[in-house]
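*Asks:* Chains A and B, in that order, give the protein sequences. FYI, the numbering for the first sequence is 1 to 684, going by the numbering used here. FYI, the numbering for the second sequence is 1001 to 1349, going by the numbering used here.
Think of the hints as simulated: they come from the structure by calculation, not from any bench. Since this is a predicted model, take the numbers as computed values, not measurements. Among the hints, erroneous ones may be present.
Stated by the list, open to error - Label-pair ranges, simulated between beta-carbon atoms:
# : chain 1 : residue 1 : chain 2 : residue 2 : range
1 : A       : PRO17     : B       : LYS1301   : 42 to 48 Å
2 : B       : LEU1069   : A       : ALA651    : 35 to 41 Å
3 : B       : ASP1099   : A       : GLY484    : 46 to 52 Å
Claimed, not checked - Derived SDA-like pairs (lysine to any residue); straight-line CA-CA distance at most 25 Å:
#  : chain 1 : residue 1 : chain 2 : residue 2
4  : A       : LYS2      : B       : THR1284
5  : B       : LYS1198   : B       : PRO1330
6  : A       : LYS171    : A       : PRO102
7  : A       : LYS558    : B       : PHE1342
8  : A       : LYS380    : B       : GLY1130
9  : A       : LYS380    : B       : LYS1247
10 : B       : LYS1198   : A       : ARG420
11 : A       : LYS426    : B       : GLU1337
12 : A       : LYS426    : B       : ASP1339
13 : B       : LYS1245   : B       : ALA1276
14 : A       : LYS274    : A       : GLN218
15 : A       : LYS171    : B       : HIS1154
16 : A       : LYS328    : A       : GLN296
17 : A       : LYS426    : B       : ASN1168
18 : A       : LYS328    : B       : GLU1337
19 : B       : LYS1188   : A       : LEU365
20 : A       : LYS501    : A       : GLN623
21 : A       : LYS613    : A       : HIS536
22 : A       : LYS483    : B       : PHE1346
23 : A       : LYS369    : B       : VAL1183
24 : B       : LYS1074   : B       : GLU1123
25 : A       : LYS558    : A       : GLU451
26 : B       : LYS1247   : A       : VAL305
27 : B       : LYS1202   : A       : PRO649
28 : B       : LYS1301   : B       : PHE1151
29 : A       : LYS2      : A       : GLY15
30 : A       : LYS236    : B       : ALA1276
31 : A       : LYS537    : A       : GLU514
32 : B       : LYS1090   : A       : TRP488
33 : B       : LYS1247   : A       : LEU365
Built from N, CA and C at the ideal position, the CB exists for glycine as well.
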Amino acid sequence: MKISLEWLKDYLDPGLPLPQLIARLTMIGLVVETWEEKNGDVVLDVETYANRPDTLGHLGMAREMAAMLGLPLKEPAAALAELQEKSSDLVDVQIWDEDLCPRYCGLVVKDIQAGPSPAWLLKRIEAMGLNPVNNVVDVSNHVLFATAHPIHAFDLDKLAGRKVIIRRAKKGERLLALDGSDISLEPDMLVIADEARPVALAGIIGGQETAVSDTTRQVFIESAFFNPVSVRKTSKALGLQTDASYRFEREADISFPPQAARLAASLLTSFGGKTAQGMVDIYPKPRKSRELMLRQRRVSDLLGVEISADFIQNVLSSLGFELRAEPKESWLVKVPFFRVDIEREADLIEDVARFYGYDRIPAVLPPLKVIEHFPQEESKAEHSRQVFLQQGFDEALNTSFADPERQALFQIPRRPVEIRNPISAKASQLRTTLAGGLLENVAWNLNRGQEGVHLFEIGNIYDRNEESLREHLALGLVAGGRKGEVHWQKKQEEAGFFQVKGAVEALLTHLRYEPFRFQAKEHPLFESRSSLALMHKGARIGCLGQIHPRVLAAYDLKKAVAYGELDLETLFEKKPKPFQFSALARFPGVVRDLSFLVKAEVSFQDIKDELDKLSLPYLESCQLVDRFSGSSIPQGQVSLTFRFLFRNPNATLQTGEVDKLQQRIIAHLHSALRMEVREGGQGN
Amino acid sequence: MPLSPRDALQAEIEELRRKLEEACLRVKDAKSLQELRNLYLSRKKGALPRLLEGLAALPSQDRPAAGELINSLKNEVENRLQDLQAGLQKKEAKGPEVDWTLPGFQQPAGSPHPVLIFQRQIESIFLSMGFSIEVGPEIETDYYNFEALNFPPHHPARDDWDTIYLANDLLLRTHTSPVQIRVMEKQKPPIRMINPGKVFRKETPDPTHLPMFFQVEGLEVDEGITFAHLKGTLEYFLRRLFGEKLKTRFRPSFFPFTEPSAEVDIECLVCRGKEASCRVCGGTGWKEILGAGMVDPQVLKNVNIDPERYSGWAFGLGVERAAMFAYQIPDIRQFYENDLRFIRQFRLK
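Could you build the full structure based on these sequences and the hints that come with them?
*Replies:* What follows is the structure in structure tokens.
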């Protein structure tokens, strides 16, 4: 809201240097965002709040400053040169919809000499950043910026039948508005109409056909109160916001229409106009002032500081509240109509606090009581983050928005959630996978000279089914290029897939979600035959694989990228194994290495499954320690060397016992998977 | 005058010790090492067994001291021989010397995202004050996002929370305040919580705006909670986050869900209010950092908490903006490019 310090002097002279004025205003919640000097005047641009329409004019701002400075507020009298005729004889006003227009005032001013405004008015109109039009229009704007109450002036001679009817628009009606737009009206929109047609969109904009022009001789001044919700809905529906609608949708002062009309008439009178007597004022259900109880004790209890009764009374009175003392150190407070924000005792306390000064309220740390609380899910997600950070994956965060074309490309069988009012077409869905963001991050970094990108993201993905929209917590892991820094002694690793898989295994192990297993499973995001599903207790928890070339191409990625995605929500719903301490082994274990010839179609997971099935006593662990194929190995086979650790927790295992266990492994793997022990493939 | 037998022994030991030094330098391989060993330790001809034999010839009172001298030489010889042997073995096994100044191995951990680093920093301050961390859904209803928080339907106040709408009258939460409503519906006071998370606004991305960002909000509800507690807690929090001597300023503002409402400024960390043309604070010396206020009585009523008995305060802060201010990051969009050069800087923090 622009405030001219010159104009302000109609009501109050703050008598403070500008920096001090700005500082004081800030501390009552009126922040001066910018200010400029203009024609010897200073114009402040003050931030205002949606609940304080009274501050959208100089009068309201002056009232705040008067209370702040303890100065009286001048309220200039509106002088009128009056005619014998009554306004109601000159125009017939009817409200047909009292809900949308609870009050309507009108005043006729004759003998208008439309023309340029005098210098003082031009200066004020320009200070508000508006272009002067003519003295009648300028007066309307002056009233709006002086009092925050919008008014409108019609050329009375152009109102058909000299009728003013406040009604809802009829289907098919149109209005050529002052801004040149041709508005198609809907039946829920309130209009001002004459006998023949709508002539204004109530509280928003006037029509061209009844606008004041240089030839205007008599005007009808409208000063009304329109339903704020109705004005807002119409303004939103049409995408049309004006200085008037901005004020009406925040709720005008219902007591003020007569004063605003009189002020306008008075100004027009000063340019030679003559005002009809007897204002039209249709106000079928006059509202009562709101009355609130205010307890002095409550002020202190809420603010944490004792504030005197005198201070409270003085501040509220100077803001226009009427206080009547009641028993038990309380007041009955009558709220002025312009303070539409004051509805409860707490609202009054805020005003007391604002003028008392937030800086004078002490800063006190509250007493610390222990509140029982047992967090669950959050700690699992946090634990997961730590695992991936330890595994050398950097953390990424991407937005939840997704490009429908990219999502279609992924061919993931989840129905995306559409955004009704997207920021752009490329962000018009919610992501159904974390892959989109992470692949973009890989491309971005590779294009900027990184040789390897290993990222994870934990965040929601979204989809919908017939009934509802859903969000679930997911984990995405992506690996492209080299892992880690170049080092003089280390071979560069490019096994992205196994880094992703290893990180997933680390997560499930760290969070004690064991046993879990991987099985081959095709997935549209991945290259054929490269993808696995992660299973835990029969449920599918996630998938991983090598990103399909079709997807790589879309991101302009030249080399293989591995990706894994886990449904953390499903995983976290499952119960992990409880943590248990196990006593340290007192007896030595026996290590045996066994090398097998294995047909290529037998997977590691098959072998693991068979060993699990065998559930051999005393077998503590089994690791794959070597894998190779080549000229020394028959075609279509690989050599796998496993290291078995046997241990009896209660006794030292004898060589003979271990031999027997080893034979059972060899026999079982042979019968189940046709695995042969390689010659010389047994070792201790 | 001839030497006493004891002095003669001592002289001989000194001589052997001197010769040992010389002999050690001549050892180049296993053979010369064996020769040296024989020279000193061989049972038949070795110098040390010979000396031990000679002990018997000494007067009995001199024997213990002389034995000690011989033994100390023997230990010395054995140590030197061991060292020489170890040196020879290594030479045979390794070949050339190692350059021990080569770069060491590091096992680089991944870097957490700076937004979450900053968020965790904020969380840990509140955890230390006994606040719990609460989370809730990102897809919300109008009721939880607006109505329960005292936004009347069709009120212009909603314009400050530009909303992204989905199907079925659902929306993406514009703040994490709905989590406070959800917690207060279930839990009776005392309540002391923070509710961090992603929030969404219909904003076109530019250097200071994003359609998605992180917020940390907080809430305390109990008997006897005052605006002074709001000030005390937030001042303490901001000093922990930005520095012990930080100046703060509380000034009136408006939010539908708090009454009275406040905005909190901290002094400009860049110019400390000393530069009229400061690009960060615009010369005011202050930077707005968070919004706060006493929980509106209507909000408490909406969750069946009696506002006559209980009162509370709440605050909200944008994580990226606070981090931008703390580290002078020029463009908020950088947080979501996930450029490794950006992310990895913050692991040094």
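*Asks:* A separate judgement is required for each hint: does it hold in the structure or not?
*Replies:* Results of checking the hints against the structure:
1. PRO17(A) x LYS1301(B): 42 to 48 Å: holds, 45 Å
2. LEU1069(B) x ALA651(A): 35 to 41 Å: Given range 35 to 41 Å: violated, Cβ gap about 54 Å.
3. ASP1099(B) x GLY484(A): 46 to 52 Å: violated, 22 Å
4. LYS2(A) x THR1284(B): Measuring from Cα to Cα gives roughly 20 Å; hence the hint holds.
5. LYS1198(B) x PRO1330(B): holds, 21 Å
6. LYS171(A) x PRO102(A): holds, 23 Å
7. LYS558(A) x PHE1342(B): Since the Cα atoms of LYS558(A) and PHE1342(B) sit roughly 24 Å apart, the hinted pair holds (cutoff 25 Å).
8. LYS380(A) x GLY1130(B): Between LYS380(A) and GLY1130(B) the Cα gap is close to 20 Å, so the pair holds against 25 Å.
9. LYS380(A) x LYS1247(B): violated, 37 Å
10. LYS1198(B) x ARG420(A): OK: LYS1198(B) and ARG420(A) at ~19 Å, within 25 Å.
11. LYS426(A) x GLU1337(B): Measuring from Cα to Cα gives roughly 16 Å; hence the hint holds.
12. LYS426(A) x ASP1339(B): holds, 21 Å
13. LYS1245(B) x ALA1276(B): Distance ~22 Å between LYS1245(B) and ALA1276(B) Cα, so the pair holds.
14. LYS274(A) x GLN218(A): Holds, at roughly 9 Å.
15. LYS171(A) x HIS1154(B): holds, 23 Å
16. LYS328(A) x GLN296(A): Between LYS328(A) and GLN296(A) the Cα gap is close to 9 Å, so the pair holds against 25 Å.
17. LYS426(A) x ASN1168(B): With a Cα-Cα distance of about 22 Å, the restraint between LYS426(A) and ASN1168(B) holds, given a limit of 25 Å.
18. LYS328(A) x GLU1337(B): The given pair, whose Cα atoms are some 61 Å apart, is violated under the 25 Å limit.
19. LYS1188(B) x LEU365(A): Between LYS1188(B) and LEU365(A) the Cα gap is close to 21 Å, so the pair holds against 25 Å.
20. LYS501(A) x GLN623(A): holds, 16 Å
21. LYS613(A) x HIS536(A): Since the Cα atoms of LYS613(A) and HIS536(A) sit roughly 17 Å apart, the hinted pair holds (cutoff 25 Å).
22. LYS483(A) x PHE1346(B): The hint holds at about 19 Å.
23. LYS369(A) x VAL1183(B): holds, 18 Å
24. LYS1074(B) x GLU1123(B): Violated, at roughly 67 Å.
25. LYS558(A) x GLU451(A): holds, 12 Å
26. LYS1247(B) x VAL305(A): This hinted pair holds, its Cα atoms lying about 21 Å apart.
27. LYS1202(B) x PRO649(A): violated, 63 Å
28. LYS1301(B) x PHE1151(B): holds, 14 Å
29. LYS2(A) x GLY15(A): holds, 19 Å
30. LYS236(A) x ALA1276(B): violated, 40 Å
31. LYS537(A) x GLU514(A): holds, 9 Å
32. LYS1090(B) x TRP488(A): holds, 23 Å
33. LYS1247(B) x LEU365(A): holds, 17 Å
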